[in-house]
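Peer 1: So you can see what is in the structure, the chains are spelled out below.
2 protein chains.
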Amino acid sequence: MRSKYAESGVDVKKRGIECFRSILNNLFPEAFCVISEDPNLPGYGLVTHTDGAGSKPVQAYLHWKETGDIRWFKGLAQDVLAMNIDDIICVGAKPINFVDYVAINPLRVDKIGLLKILSSGFEECINILGAQGVKLLFSGGETADLPDQIRTLDIAATMNGRVSLSRVLTGEKIEPGDVIIGLRSGGKTNYERNENSGIMCNGLTLARLCLMRKDYQEKYPEILESPDGKRSYYGRFKFDDYLDELGMTVGEALLSPTRLYAPVILKVMERFGEYISGLVHNTGGGLTKCLRIGRNIHYIKDNLFNPDPIFILIQRESKEPWKYMFENYNMGVGFEIIAKTEAASDIISISEKYDLETKIIGVCQKSRDGNKLTIKSQYGEFQYP
Amino acid sequence: MRSKYAESGVDVKKRGIECFRSILNNLFPEAFCVISEDPNLPGYGLVTHTDGAGSKPVQAYLHWKETGDIRWFKGLAQDVLAMNIDDIICVGAKPINFVDYVAINPLRVDKIGLLKILSSGFEECINILGAQGVKLLFSGGETADLPDQIRTLDIAATMNGRVSLSRVLTGEKIEPGDVIIGLRSGGKTNYERNENSGIMCNGLTLARLCLMRKDYQEKYPEILESPDGKRSYYGRFKFDDYLDELGMTVGEALLSPTRLYAPVILKVMERFGEYISGLVHNTGGGLTKCLRIGRNIHYIKDNLFNPDPIFILIQRESKEPWKYMFENYNMGVGFEIIAKTEAASDIISISEKYDLETKIIGVCQKSRDGNKLTIKSQYGEFQYP
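One line per chain: the protein sequences are A and B, in this order. According to the numbering used here, the stretch in the first sequence is residues 856 to 1240, in order. According to the numbering used here, the stretch in the second sequence is residues 856 to 1240, in order.
Mixed in with the good hints, there may be bad ones.
Which copy is meant is left open, so a pair is good if it fits within one copy or across any two.
What the hints assert, rightly or not - Subject to a maximum C-alpha distance of 30 Å in a straight line, what follows is the list of computed BS3-like cross-link-like pairs (lysine-lysine):
#  : residue 1 : residue 2
1  : K1174     : K1043
2  : K1093     : K1208
3  : K971      : K1085
4  : K966      : K1178
5  : K971      : K859
6  : K971      : K1043
7  : K966      : K859
8  : K1085     : K1074
9  : K1069     : K1231
10 : K949      : K1028
11 : K1069     : K1085
12 : K1227     : K1085
13 : K1074     : K1214
14 : K920      : K1093
15 : K1122     : K1069
16 : K966      : K1231
17 : K1085     : K1195
18 : K1227     : K966
19 : K966      : K1174
20 : K1028     : K1174
21 : K859      : K920
22 : K1069     : K966
23 : K990      : K949
24 : K1085     : K920
It is worth saying that the hints were derived from the structure and are not from the lab.
Can you make the complete structure from the sequences, with help from the hints?
Peer 2: What follows is the structure in structure tokens.
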């Protein structure tokens, strides 16, 4: 059976990156992010990382068109920051600075309004991080007017981090017996203002198509590409439909900004870094992202959180098989810490101080032939790859 | 009179950047690029810069669709590299590494084919730069499948450079009497393989619309955005029409990769850095880009190169007033070195060793109220701003 997601036009398996392998300057090919040499700082690696907000800007555009309220774009600032900062900390790096890249269709989008609200979003994130001891500088970026390429808008960022070469977290030290500690993507930490749906920044294409009503694509043809007329929005909901099961509107759930885990993780690393063998940010690839690090490790995840209601809703509406749901979405676990058992309760108690729900969700076992993952859930038992 | 370019949906004046001013970490606000502090290297600044290939990918897409040859995308690799490296060297920085960001519509574009040819393009540039003593590392990047945002494809890159804080070229030392040395954007240097049209990476939206035939937009509606039906391709040419005046096909002229000036400029800086008061990469804003640096300087450009044939053609076909042509396009001068008179002939002779046509195109005078520019050309005399 083919994934609904693949049918929707998005490849979550990222086969494209192989094409660049031969020219890559990467000191630690096994690590979660590329680490390059730094000519002026021989003992340190530079982690230069790029990621975007996926198709979340399309959902924000829809809300803006329906309400006239430019603030619906604000959360995208946190999305692109989180997508980058929480990736680079996975190799043990500390963030330095970032730039943004905003490509827009100026014939559709209020550019100045958008840039002002993004600036305010970046400022808020920089302040939240700063208050938690994480310094991050903004170094500008680019806004490109590309009416013939961009239907509405696209937002990405590039972030630099730095890591001492003697302290890189490559994942090589992950051993059978290590526990997998899961940090929730939903809920509300004490450094956040609002309840989060947990959706983060991946899986939005399928989520939009299966939840939002077809009326929208008729009203705003710019929010859909359908060369053969087969792709369409096929949902039952308006963006502002409040659902009891979500505790928010469908649109709010889809636009919940990606959680910033950096304050928690950097604190955990500072206190218990020596007990940590791997860090995984569950973005593209969802709960299978851990397969990217470690050597011959069989990850068993048998004590997951109940998936946040947005994931249940997406599955119910799209009929995406559960096996793929765990591959497309974080399913409630946004970040994983792979650590020695003896440190687990201390790590969990640090995380809980931020009101971030955290628990042991599984364990590492030995595999004979490469990395593997078994998910045992109330929806069935699944093997990856 | 309004510029044809503004009508075409692109703002060359970049008013958007002001929106981010308040959160910017910039040690030298007057310099050509943002320079941020670097926490681990106190005496050095980090220059993190993002720029894209503009709408050149649309032209490449058209060639690919018409010919089936994926190699038409290759030059875009050099375009995004040049757009970044030749900006960061303007503050006296040396490049470190870069990442790419490729956003595509996977329903239209052969992703794997595209990524492979871009990888090969990057490799070639890295090798050309390396052979000229300019080391540049590739640190990966992101490929995003965004069918509902990207009509065809968009390509950008982010580059890091580093500069000693005591050697930053801020432009503050530009004085009346300094000469403006212009480096051609067209022709062929001895480290390049092919003759270049000189177009670089700016002004492509107007160029495409005024040169390419309307048939193309009917055949490939994905290459045009026209919410009200008013925008359209209105040119007389097919992409493969050979024009004697260009010495190449119209499509080749539009896709000529942006020249890499870094080998020449870094050599000039090494030898005559003390005589250089400003460096300007003539991208968005064309020949008016110099207005961005210097204090109360009146730039007089009265000895420009004859604009390369592609610029003459674009003007003839679009009827863009000449005043705006100099604002939208580099008009034959891709890079400017502002230097003390006594070093001019030495600087020119270094540049000419690369077979890069170079000459004094003007001079700096005193202005009483901010920076000004006067262009005296065979097409008239124009004042900016």
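Peer 1: Next step is simple, just say for each hint if it's right about the structure.
Peer 2: Structure-based check of each hint:
Taking the shortest Cα distances, K1174 and K1043 sit within 30 Å of each other inside one copy (28 Å), while across copies they are farther apart (58 Å). Proximity of K1093 to K1208 under the C-alpha cut-off of 30 Å is found in neither arrangement, the shortest distances being 37 Å within a copy and 65 Å between copies. In this assembly of identical chains, K971 and K1085 lie within 30 Å of each other by CA distance solely across copies; the values are 29 Å between and 37 Å within a copy. Proximity of K966 and K1178 under a CA criterion of 30 Å is satisfied inter-copy only: 26 Å between copies versus 40 Å inside one chain copy.
When the C-alpha separation of K971 and K859 is checked against a cutoff of 30 Å, the pair qualifies only between copies, where the shortest distance is 27 Å, while the shortest distance within a copy is 36 Å. Taking the shortest Cα distances, K971 and K1043 sit within 30 Å of each other inside one copy (26 Å), while across copies they are farther apart (42 Å). In this homomeric assembly, K966 and K859 come within 30 Å of each other (Cα to Cα) only across copies, at 20 Å, whereas the closest approach inside a single copy is 34 Å. In this assembly of identical chains, K1085 and K1074 lie within 30 Å of each other by CA distance both inside one copy and across copies; the values are 18 Å within and 20 Å between.
Taking the closest pair of Cα atoms, K1069 and K1231 never come within 30 Å of each other, the shortest separation being 35 Å inside a single copy and 57 Å across copies. For the homomeric pair K949 and K1028, the shortest alpha-carbon distance inside one copy (20 Å) is at most 30 Å, but the shortest distance between copies (36 Å) is not. In the homo-oligomer, the alpha carbons of K1069 and K1085 lie at most 30 Å apart both inside one protomer (13 Å) and across protomers (27 Å), since each shortest distance falls under that limit. Neither within a single protomer nor between protomers do K1227 and K1085 lie at most 30 Å apart by alpha-carbon distance, with minima of 35 Å and 55 Å respectively.
Proximity of K1074 and K1214 under a CA criterion of 30 Å is satisfied in neither setting, with 45 Å inside one chain copy and 56 Å between copies. Taking the shortest alpha-carbon separations for K920 and K1093, only the intra-copy value of 13 Å comes in at or below 30 Å, while the best inter-copy value is 38 Å. Taking the shortest Cα distances, K1122 and K1069 never come within 30 Å of each other, neither inside one copy (45 Å) nor across copies (59 Å). Taking CA atoms no more than 30 Å apart as the test, K966 paired with K1231 passes in neither setting, with 47 Å inside one copy and 34 Å between copies.
Proximity of K1085 to K1195 under the C-alpha cut-off of 30 Å is found in neither arrangement, the shortest distances being 49 Å within a copy and 64 Å between copies. Taking the shortest Cα distances, K1227 and K966 sit within 30 Å of each other only across copies (27 Å), while inside one copy they are farther apart (46 Å). For a Cα distance limit of 30 Å, the shortest separation of K966 from K1174 across copies, 27 Å, qualifies, whereas the shortest one inside one copy, 37 Å, does not. Taking identical chains as interchangeable, the C-alpha atoms of K1028 and K1174 are never at most 30 Å apart, the minima being 38 Å within one chain and 66 Å between chains.
In the homo-oligomer, the alpha carbons of K859 and K920 lie at most 30 Å apart both inside one protomer (28 Å) and across protomers (28 Å), since each shortest distance falls under that limit. For the identical chains of this complex, K1069 and K966 are neighbours both inside a copy (27 Å) and across copies (28 Å), given an alpha-carbon limit of 30 Å. Within a single copy, K990 and K949 get their C-alpha atoms as close as 9 Å, and across copies as close as 25 Å, so both meet the 30 Å cut-off. With identical chains, the CA atoms of K1085 and K920 are at most 30 Å apart both within one copy (24 Å) and between copies (22 Å).
Hints 2, 9, 12, 13, 15, 16, 17 and 20 from the list above are not met by this structure, while the remaining hints are.
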